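Please model the complete structure; the sequences and the hints are all you need to start from.
Chains as they are written, first to last, in our numbering: chain B, 1 to 495; chain V, 1 to 630; chain A, 1 to 501; chain S, 1 to 102; chain P, 1 to 167.
Be aware that a few hints might be false.
Calculated cross-link-like contacts (lysine to aspartate or glutamate; reagent style EDC-like; alpha-carbon spacing at most 16 Å) [what the hints assert, rightly or not]:
{"id": "1", "chain 1": "A", "residue 1": "K458", "chain 2": "A", "residue 2": "D366"}
{"id": "2", "chain 1": "A", "residue 1": "K381", "chain 2": "A", "residue 2": "D456"}
{"id": "3", "chain 1": "A", "residue 1": "K381", "chain 2": "A", "residue 2": "D459"}
{"id": "4", "chain 1": "A", "residue 1": "K381", "chain 2": "V", "residue 2": "E111"}
{"id": "5", "chain 1": "A", "residue 1": "K381", "chain 2": "V", "residue 2": "E160"}
{"id": "6", "chain 1": "A", "residue 1": "K115", "chain 2": "A", "residue 2": "D459"}
Since the hints were made in silico from the structure, they are not lab data. None of the values given here were measured: they were computed from a predicted structure.
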Amino acid sequence: MRDFTLFIPEYIAVAAAVAILAAELAWPHIRKDLLAYATAAGAAAWLIAALPYIGHTAGDFEGLLHTDGFTTYFRILAAGIVFVIALFSAQYLRGRTNTAGEYYSLLLVGGTGMVLMAASRELLTAYISLELLSFSLYILVGYLKRDTLSNEASLKYILLGAFSSAMLLYGISLLYGVTGSTTYEGVAQGLAARGGDTDWAAIAGIMLIVAGVGFKVSAAPFHMWAPDAYQGAPLPITAFLSTASKAAGFALILRLFTGALVVDAIEWRAAIAALAAITMTAGNLLAIQQTNLKRLVAYSSIGQVGYMLVAIAAIGYGDAATAENASSALLLHIAGYTLSTLALFAALTAHYNRTGDDSIAGLRGLAQTQPFLALVITASLFSFAGLPFFAGFATKLLMFQASTTDGLLWLVGLAAANSFVSLYYYLMVMRQMYLYDPPEGRARFRPTPLLGGLAGLLLLGVLFVGIYPQPVFEATDGAAAALFEVSAAVLIRAP
Amino acid sequence: MAEHAWMLAAVPAFAFVALTATGRHLPRQGDFVAVLTAAAVFALFFAVLASFLGLGDAAWPVLNSIEWTAIGSFELRMGIAVDQITIVMLAVITTVAFMVNVFSVGYMKGEPRYWWYFAVLQLFVASMLMLVLADNLLLLYIAWEVVGLSSFLLIGHYWERRSAVEAAKKAFVTTRVGDVGLLIGIILLWDATGTFNILDIFHAVEAGAVGETRLFVTMMFILLGAMGKSAQVPFHVWLPDAMEGPTPVSALIHAATMVVAGVYLVARLLPLFESAGGALMVITIVGLVTALFSGAVAFAQTDIKKVLAYSTVSQLGFMFVALGAGLVSAGMFHLFTHAFFKALLFLGAGSVIIGTHHHQEMGQLGGLWRKMPVTAATFLIGSLALAGLFPLAGFWSKDEILHAVDAHRGALVFLLISVASIMTAFYTMRLFVRTFLGKPQDEAIASHTRETGAIMTLPLVFLAILSVIAGLAVFHEVGDALGFPGGFGEFVYLHHPEVFHVDWGLAGFSTALFVLGAFAAGWLYRGGRLDRATALAEWQPRLYELLRRKFYFDELYQALIDRVVLGFSYVVSWFDRFAVNDTGVDGSAAMTGYAGFLLKHLQTGRVPNYALAIAAGVVALTLITLAVGG
Amino acid sequence: MGSGEAQGYVLLTALALPLLAAGALLLMPGSQRMAARYLSAVVGAILLGLSVYVFLAYQANGEVLQMQLRWPWIEHVGFLGENGISLHLGVDGISALLTLLTGVVAFAGTLVAWKIEYRVKDFFILFWILIAGVYGTFFALDLFFFFFFYELAVVPLYLLIGIWGSTRKEYGAMKLTLMLVGGSVGIWIGIFAVVHEAGLGTFDLPTLWEAGRSGALSADFQKVIFPFFAVGCGVLAGLWPLHTWSPDGHMSAPTSVSMVHAGVLMKLGAFGIIRLGIQILPEGAAFWMPALLVLGTIGALYGAIAALTQRDFKLISGYSSVSHMGYVLIGLATLNEVGVSGASLQMFSHGVMTALVFLLIGALYDQAHTRDLRDFGGVAKVMPLWVVAYVVAGLANAGLPGLSGFTAEFHIFVGAFRTYPVFGGLAILAAAIAAAYMLRMFAVVFFGPLNPRWRDLKDLSPIEAVSAALLVVSMLAMGLWWSPFTDRLANTVLSLPGVTS
Amino acid sequence: MVPLENYLVLSGILFSLGVYGVLARRNAVLVLMSVELMLNAVSLNFVAFAVYLDPGRATGIVFAVFVIAVAAAEVGLALAIVIRLFRNRSTANVDEAATMRW
Amino acid sequence: MTTEVLWWIFAVGVVGTAAGVVLSRTVVHSAIFLILSLAGVGAMYLFLTVEFIALVQFLIYGGAVTVLILLALMLTRMGVAGRPEPVTGAQAPFGALVALALMATLVAVAVATAWPGDLGGSPEAVSIEQIGEALFEHYGAPFIIMAVLLLVAFIGAIAIARQEDGD
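Structure representation (structure tokens):
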């Protein structure tokens with residue numbers, strides 16, 4: 001059944017995107033930060049339009065797209081992220097580009113792509129949505145045209161992106177061959193019904209798909225593009241990459257794995273567990289060696305992806321209840337992670353706008369030149385490390401706890417050990433900010449009220465999720481439940 | 001009153017607190033407080049004694065204890081027990097403490113930290129009394145340690161002097177080593193009997209709660225503690241050095257009271273030692289070795305106080321021998337008499353030191369007889385008493401010991417102990433002769449030597465009197481007259497009282513021993529001349545050196561500590577730095593970092609490499625999953 | 001229980017106050033140094049009062065857990081059921097004692113921190129966060145919050161040492177933080193395993209204790225998991241050979257941080273072994289205790305021996321801390337009433353004693369700018385009060401009767417002899433060595449002729465004197481009159497699973 | 001007639017050749033060409049499956065259409081980026097565009 | 001029969017030309033080979049009796065894409081002079097290895113799998129109507145998204161490639 005009212009928020013987003021494009025075409029010399037605010041307004045409208053869907057009965061579009069708690073969750077997340085990123089960019093882009101219209105409209109479109117990834121329950125739709133997000137990112141990463149790093153980054157990103165999506169597609173085709181369908185239910189039923197003589201195709205297909213989505217969320221060994229892309233991209237886009245693109249990736253993974261592949265968990269869970277182990281270890285070990293902030297964040301976020309994959313692995317290993325709890329906790333952690341990352345980048349952007357230095361050593365003495373930013377950075381880094389008061393502590397602990405199943409204790413242990421390693425390089429950043437005095441001639445400064453305010457708000461968010469996650473947790477619970485009531489029909493576990 | 005004997009300890013304890021708090025600001029820095037306290041305690045003792053005797057031996061020992069703590073089944077009571085042995089100890093402590101407090105007023109005049117000296121003195125008295133009053137081994141141990149602490153503080157009173165500090169340290173650590181044994185022993189006893197209360201332990205042991213060998217081991221541990229405090233070989237090294245402290249302290253702590261705590265402990269626990277197989281024999285041997293060894297060493301010492309110190313060690317040996325023979329009365333009696341005349345001798349030495357303005361090397365003294373008659377006279381009495389001249393105190397107690405040994409330990413021990421008492425007579429006389437007789441060795445010193453004031457001489461006289469008459473307490477009639485059940489042996493005993501009767505043969509023998517030793521000394525140092533002695537020393541230089549260097553014990557220990565203990569400590573520290581820390585901890589951190597360093601070189605920045613990683617990853621995942629078995 | 005409820009709010013106050021103080025300071029302009037100091041002093045005083053109240057109000061013969069307060073926090077979501085995570089506070093005898101310790105040491109530390117001149121405000125913010133963490137850990141009866149506060153107590157150390165520290169501070173700070181957090185990884189894993197295995201969907205500690213007792217956690221499981229808790233907490237408790245952060249950390253830490261750290265934080269580790277190890281996993285504890293005993297004994301001897309030849313005050317105290325925490329482990333390992341009470345007493349005793357020592361070292365170092373023993377001599381001439389206080393601390397360290405050290409060690413020895421006589425003997429030997437290294441230091445530093453270089457050293461300032469006095473008093477209190485302490489411990493200790501009498 | 005397997009094998013080979021191209025080539029444009037080969041293999045797969053396995057529902061064919069379209073768009077975008085890079089660096093060699101690494 | 005022979009000829013052609021794309025030394029040759037192999041794939045669609053896809057293939061690939069690529073080659077001055085620089089990177093051998101492994105896997109998969117519903121018979125014709133039906137009815141949503149996607153690509157290409165002051 002084709003109910004076009006299900007996606008009103010996205011229409012708003014796209015409409016806003018087009019409007020912004022048009023606006024810049026109409027008035028080429030319009031102040032670019034106005035565009036930023038317009039984008040923010042659009043995102044806000046999008047967000048508001050999304051609110052009525054909370055608790056709204058799940059809607060289905062031709063079995064391709066689905067608007068339920070899960071979709072709503074990522075809708076709000078996406079709209080929020082775009083809102084924040086747009087405001088980050090307002091000051092940042094000044095003087096770095098001549099045109100900004102495409103930039104902002106692509107933010108909105110990318111966000112839309114993210115929502116659709118979360119909503120789609122059919123492989124083709126999922127793929128197209130994924131490409132929608134990817135394309136926007138390819139462009140945004142390379143948006144600083146005169147900046148060779150930016151070009152290089154986007155080139156690497158798009159070439160590898162194309163390569164990996166080819167992999168993904170081939171996987172999908174094999175899966176289609178095995179199950180004769182591309183809708184998640186269809187695939188699930190097909191997998192449930194299939195005989196042992198299709199193992200090879202199923203496994204090869206699933207692994208190729210894993211590679212495709214693994215690339216999206218930058219899981220080792222498909223992660224290598226990430227640091228370069230992060231470093232080359234404009235700072236706000238780095239934030240966008242490390243929040244929206246990852247969240248979207250996991251949205252897709254959750255839908256796909258809980259909806260379709262869960263039936264065949266025994267085929268992929270070992271692989272996912274291995275992937276998680278490699279990812280977190282590689283990410284953290286490599287992060288130790290970094291000197292550039294963006295790369296550091298990139299690697300640390302790779303580590304985070306490793307942790308999140310633990311929950312996915314748990315879906316494969318645990319029973320139905322565990323699967324649901326793990327996904328709910330994963331959603332919670334995504335929320336916490338997103339908040340922390342955005343807070344971090346709010347502070348970094350403010351600092352970068354001031355100093356134009358994105359090396360770790362560039363933070364030297366920040367605690368004295370700008371204690372507030374230093375505090376925010378500390379908070380978000382500690383949140384990544386999972387230290388108390390900050391979102392990461394509660395969310396990570398709850399996620400690992402939910403993911404602890406009999407076959408998987410080793411992985412959880414490894415994850416814990418890894419988050420310990422990660423503390424080391426976070427402390428290295430802290431050291432620069434707090435232990436050293438600022439370099440000569442670096443005077444006290446105050447961030448622009450906009451960024452300062454954003455940082456403050458996000459910090460509050462981080463603290464709130466860290467201290468009292470109950471409300472968010474309930475929300476994610478609802479989302480996860482929705483996820484499963486959809487796939488409950490085919491939740492016949494393989495022996 | 002007897003059940004409130006704890007007040008004996010409480011009064012000086014309070015005085016200690018008061019003096020510590022206010023002493024510095026009181027007039028005369030509060031020395032009168034100290035003296036009054038000592039007097040009060042002295043008086044209190046008689047009250048206690050009276051009420052104790054009044055109760056009659058049916059009521060002995062007098063007990064009084066309070067609930068201390070309870071953790072589940074682990075219950076502790078703290079309290080006092082007053083019995084005959086305690087009474088004897090109380091007599092000694094209160095008397096000597098009183099004398100010493102008085103004497104100190106003169107001796108310590110103008111010394112630094114005058115008030116602090118008196119304060120600690122009170123602390124010592126309090127803890128010493130608590131030690132002998134304790135009804136359980138835990139309380140005893142606590143007091144035992146506090147006694148050691150105050151001894152440490154007093155020895156180190158002149159802490160600006162490196163030597164004093166070292167001596168204090170040595171005293172504390174050496175005794176502490178013994179205390180390890182004591183604590184282990186106490187806890188082992190508790191482990192076996194489930195109580196710290198001494199009487200309960202006795203009953204438990206009688207009931208056979210502890211196996212023979214186990215008891216033996218336990219008692220050996222406890223004996224370690226006793227040996228440490230009572231400076232028995234090989235723990236004796238600290239006592240001579242302890243002479244660094246003010247002389248009155250040496251008199252009180254290192255002659256009369258603290259050093260006999262070990263003897264007291266053994267006497268107190270003698271029933272246990274008895275039922276612990278060969279324990280008594282061990283005690284005898286320890287005592288014998290100590291007596292002979294330190295007697296010999298005393299020959300070659302030239303510092304007055306050092307001679308006295310070694311004589312103390314040797315006399316403690318005597319007491320151990322007596323106890324080893326199983327006779328509480330003999331041991332305690334010698335403790336009793338020895339306390340008086342040795343305190344006397346030390347105070348006398350103190351008087352000499354003051355009189356000669358801080359000279360205590362025999363080599364520089366001599367001929368003080370004329371300059372300081374009172375001191376000399378009292379010192380002579382003390383010496384004779386120590387040497388065991390009839391009918392002074394020392395004679396009777398030594399006689400008791402010889403008697404005991406003769407009765408219970410056979411010829412060999414008897415022979416050796418006789419040799420030891422000859423030695424005693426010899427070095428005592430040597431000391432007296434060289435210090436007081438003959439011509440002054442150093443006119444400069446002699447010229448401005450003065451007799452000391454009454455505040456110091458009166459205590460000497462008092463103690464001299466005691467040294468003369470204390471021995472008579474052995475007689476039934478004397479004890480009777482004083483309201484005791486009889487003579488010493490009838491008052492203090494383990495199994496059954498024994499009435500003393502003079503054994504003239506033994507008396508003659510011991511007199512002979514005295515004469516032998518005394519005249520040897522007199523002949524050798526006649527007129528304070530040294531030529532014969534020097535000749536003797538040159539005749540056997542090795543032997544002389546051996547004695548003068550105290551059988552190289554200090555050197556041995558020093559080497560042991562430097563080479564072994566500290567060496568081991570250096571090894572451990574090194575291990576901790578390099579093996580545990582730099583290799584183990586920092587090493588693993590470095591390894592992690594290095595892993596990252598290696599790994600990062602995979603990140604070449606080249607698209608084809610990245611693509612290769614992806615493709616390889618896919619293939620690997622697929623093949624692995626296939627292999628693992630889909 | 002109504003009064004208990006009301007008293008529960010006392011705990012909540014003690015927990016919230018430092019955090020509020022930190023918040024207030026955060027908003028205060030950094031230039032207001034005196035304001036920050038006075039505020040902290042007041043907060044410290046109030047906390048001391050509350051701690052004393054908690055200790056005294058704890059009924060020795062009442063039920064084990066008192067002053068309970070439960071605020072539902074997160075429940076009925078995800079895997080969490082009824083009381084999934086609740087802010088559940090309460091004290092038993094042990095934590096009541098340690099609360100008192102925290103109050104005393106924290107107040108003393110606050111006063112000592114008065115001298116800090118550099119970034120005063122920041123210092124106190126971190127300091128109070130640290131203190132809040134400590135209180136929280138002692139109060140928490142919920143695994144989630146236990147770990148929450150445990151981590152909270154560890155993390156600020158990095159900055160406290162890194163910014164205000166002295167010798168090789170960056171190295172010391174980094175090593176200390178990493179080792180401690182590394183330890184908490186073990187705890188983390190343990191928590192995951194326990195909560196999952198219990199399958200009750202709750203972090204509530206009493207519930208989990210019950211599960212451990214009733215065998216809902218199988219014996220094999222307990223044996224596997226106990227080491228995670230033991231080692232994880234052990235790191236913080238200076239468990240050999242994971243103790244190396246202690247000497248270096250103390251060497252670099254500023255005075256008041258050393259005080260709080262050695263005085264209180266190290267106790268968190270031992271406390272954790274009781275709370276998590278013994279109480280959740282009794283069978284695992286019973287199985288592993290011998291190993292812990294051996295490590296503890298090694299630590300006790302090793303620390304003492306290593307301290308013999310150290311030349312830096314702080315290294316001596318660092319190693320002696322290792323030695324004394326070794327006693328605590330021995331006491332716990334005996335798993336009998338006397339030994340475990342001894343361990344708890346030792347936590348208190350070592351806490352105040354070592355806090356005093358670090359206070360004094362700081363007072364000297366601030367003037368002399370060296371901590372090498374051999375540079376000194378005859379200090380008693382110029383700093384009598386200082387020397388007296390140090391001697392008291394040192395004697396307590398050497399286990400001299402009349403001071404807290406003996407009270408604690410005596411119980412430990414007795415307990416150890418009850419179960420493992422040989423180790424008891426070794427422990428006593430270590431105590432003798434302690435006397436040796438303490439006296440060695442006295443002899444070298446305090447006494448002997450005064451080294452003219454130090455002619456104009458100043459004695460303790462009034463503020464320092466006050467906090468020193470506070471600590472000395474608490475040492476004497478426990479040394480002279482045990483029952484207030486032991487009585488409060490008795491029931492708790494007996495209630496511990498697997499603790500025999 | 002020609003069985004399904006033939007097409008699958010063919011597309012498999014085609015795909016692998018494309019992969020090899022991506023891994024081996026230095027020139028960005030060549031890399032893109034290789035990607036195109038891979039995408040072709042994919043759509044061949046889809047069509048083959050559609051035709052052989054579920055006739056009537058044409059899902060695979062629709063998929064193929066989309067794949068082709070996306071591929072075209074991707075090429076367009078990628079080439080734009082390549083050209084941009086060439087303007088700034090006057091090279092289109094992917095292994096020379098490696099200033100960011102490690 | 002004849003179709004099979006033809007099929008084999010084309011199959012070999014496709015593989016050969018594809019190999020040419022990834023192996024040939026000069027860029028332009030690769031481009032030519034690419035056109036051929038794309039055309040070959042188009043032919044395969046004809047064998048599969050889906051003329052529509054074949055048409056799309058010829059139009060989009062044979063037309064747009066290849067033209068685009070050649071254009072790009074011109075713009076990046078590739079192959080015009082046939083710059084004498086190696087077009088194959090150092091890691092080719094590893095690439096070959098991995099590619100071979102992958103090929104082995106995929107071929108094995110293709111052969112070893114018993115594809116459900118495989119009639120083993122000839123392909124069944126799929127009518128344009130069906131395709132249109134599916135494309136615009138059932139798959140309407142992706143189709144709309146696709147539209148946005150193309151818009152994005154279009155804007156992006158312009159935004160990236162557009163000349164600006166500064167270069």
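Hints breached by this structure:
none
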